[in-house]
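J.: Here is how the chains run, residue by residue.
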Amino acid sequence: GAGVSQSPSNKVTEKGKDVELRCDPISGHTALYWYRQSLGQGLEFLIYFQGNSAPDKSGLPSDRFSAERTGGSVSTLTIQRTQQEDSAVYLCASSLWGQNTEAFFGQGTRLTVV
Amino acid sequence: SQQGEEDPQALSIQEGENATMNCSYKTSINNLQWYRQNSGRGLVHLILIRSNEREKHSGRLRVTLDTSKKSSSLLITASRAADTASYFCATGLPGANSKLTFGKGITLSVRP
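Residue numbers (the numbering used here), protein chains in the order written: chain L, 6 to 119; chain R, 42 to 153.
To be clear, the hints were calculated from the coordinates, so they are not data collected in a lab. Keep in mind that the hints are not guaranteed to be accurate.
Claimed, not checked - Quick list of in silico lysine-lysine cross-link-like pairs, DSS-like style, CA-CA up to 25 Å:
1. R/Lys67 - R/Lys111
2. L/Lys62 - L/Lys20
3. L/Lys62 - L/Lys22
4. R/Lys67 - R/Lys97
5. L/Lys62 - R/Lys97
6. R/Lys145 - L/Lys62
As the list claims (entries may be wrong) - Partner residues aside, some chain L positions facing chain R, computed with beta carbon under 10 Å:
7. Gln55
8. Asp61
9. Leu65
10. Thr75
Ideal placement from N, C-alpha and C gives every residue a C-beta, glycine not left out.
Make a model of the complete structure from these sequences and hints.
T.: Next comes the structure, spelled out in structure tokens:
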């Protein structure tokens, strides 16, 4: 693909519902990141996948958050029992393996929990 | 606490002036990168400087890195209204599997 693709672009959900956010990384990129950005704030690291290594889940804020990456490509971020404080833009990025590589970002999913 | 922290948090300048933004970090790094974000959506990579480099240029951008002070600066020369955006520094730690860690960002406003 031409770039990192995220879907949906916007999602409005009711408090307590589960949501799934999808990320299609650039073909051949072995590293995939999820970040969260609240309005006017910086990027909060959530989870990092790198090839076949165990994912770095150290940024997930609670056990309501989980992510998987199937076949080393598409990733899904799942938020269970959504809360209003989960409202944010969720950004996905991918990069080639190794050090000194740049990350390519998708346009994000704006999640609003009402 | 953040690995990378930018300052100032916000900067407003006149078109044509230079904009200087700073980033400080806490631990040893492999590289430092600067990104730009328009309208709160995806970030775009601007420039990467490795830990063994001291200065790098790309068009109107100049990045410096001082590993002894654990700091970097991004200079945008002859700024344009279109440079208005948020700018983030990100650090890559040593290790092939290390992740990028971002600062909180700087909001740059360039007045026409």
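J.: With reference to the structure, classify each hint as holding or not holding.
T.: Against the structure, the hints come out as follows:
1. R/Lys67 - R/Lys111: holds, 7 Å
2. L/Lys62 - L/Lys20: holds, 24 Å
3. L/Lys62 - L/Lys22: Satisfied, since the Cα-Cα distance of roughly 22 Å is no more than 25 Å.
4. R/Lys67 - R/Lys97: holds, 21 Å
5. L/Lys62 - R/Lys97: violated, 33 Å
6. R/Lys145 - L/Lys62: With a Cα-Cα distance of about 20 Å, the restraint between lysine 145 of chain R and lysine 62 of chain L holds, given a limit of 25 Å.
7. Gln55: holds, 5 Å
8. Asp61: holds, 6 Å
9. Leu65: violated, 13 Å
10. Thr75: Since the shortest Cβ distance to chain R is 20 Å, the answer is violated.
Of the numbered hints given earlier, the model fails hints 5, 9, 10; all others are met.
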